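Every position in the sequence shown, counted from 1, becomes a number in my numbering once 13 is added.
Calculated directly from the structure, the hints in this document are not laboratory data.
A couple of the hints might just be wrong.
As the list claims (entries may be wrong) - DEER-style ranges, computed between Cβ atoms: (1) L41 / D98: 51 to 57 Å; (2) R49 / S85: 35 to 41 Å; (3) K66 / K104: 25 to 31 Å; (4) V29 / R68: 22 to 28 Å; (5) V129 / E60: 40 to 46 Å; (6) E22 / N96: 21 to 27 Å; (7) K66 / T88: 50 to 56 Å; (8) P82 / D105: 48 to 54 Å; (9) D105 / I70: 44 to 50 Å; (10) Y71 / W125: 31 to 37 Å; (11) V79 / G100: 44 to 50 Å.
Every value quoted in this text rests on a predicted model; they were computed, and no experiment measured them.
Just so you know, even glycine gets a beta-carbon here, dropped at the ideal spot from N, CA and C.
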Amino acid sequence: CATRFNYFENLVFFTVAPFALIAIGIALHALVYFVRMKARRIRNLEEQRRLAKQRAIYAVLLVVYVCLPSCSAHTFQYFSCLNFDRGDGKKDFKFLVGDLNISCRSMRYDRWLPFVI
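Based on the sequences and whatever the hints tell you, model everything.
See the structure below:
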């Protein structure tokens, strides 16, 4: 890899990518549907629309079913912090398990809470 992505960049990718895939799929499906409509006259237009809608719903559910586990796993990693004892009785260090370069007590970490929720 030329670059290493941090936890927050991966989080955005794994949570936004399924929606982008769904949007692209719906757009392509609509494009194919309208091209077919222009190319030939279709009998029973309502039946064709019903079938197209069923296929689109199936595709959306399939993408959600496939992507939801990884999306959820990355999202819930946000709440998984690892404590490191300083040994002097002061506050312990807390770092994100998914990326030990991110402190769980930093402002950067706190700013991502609304996105995770």
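What hints, given by number in increasing order, does this structure fail? Of the numbered hints given earlier, those the structure breaks are 3, 7, 8, listed in rising order.
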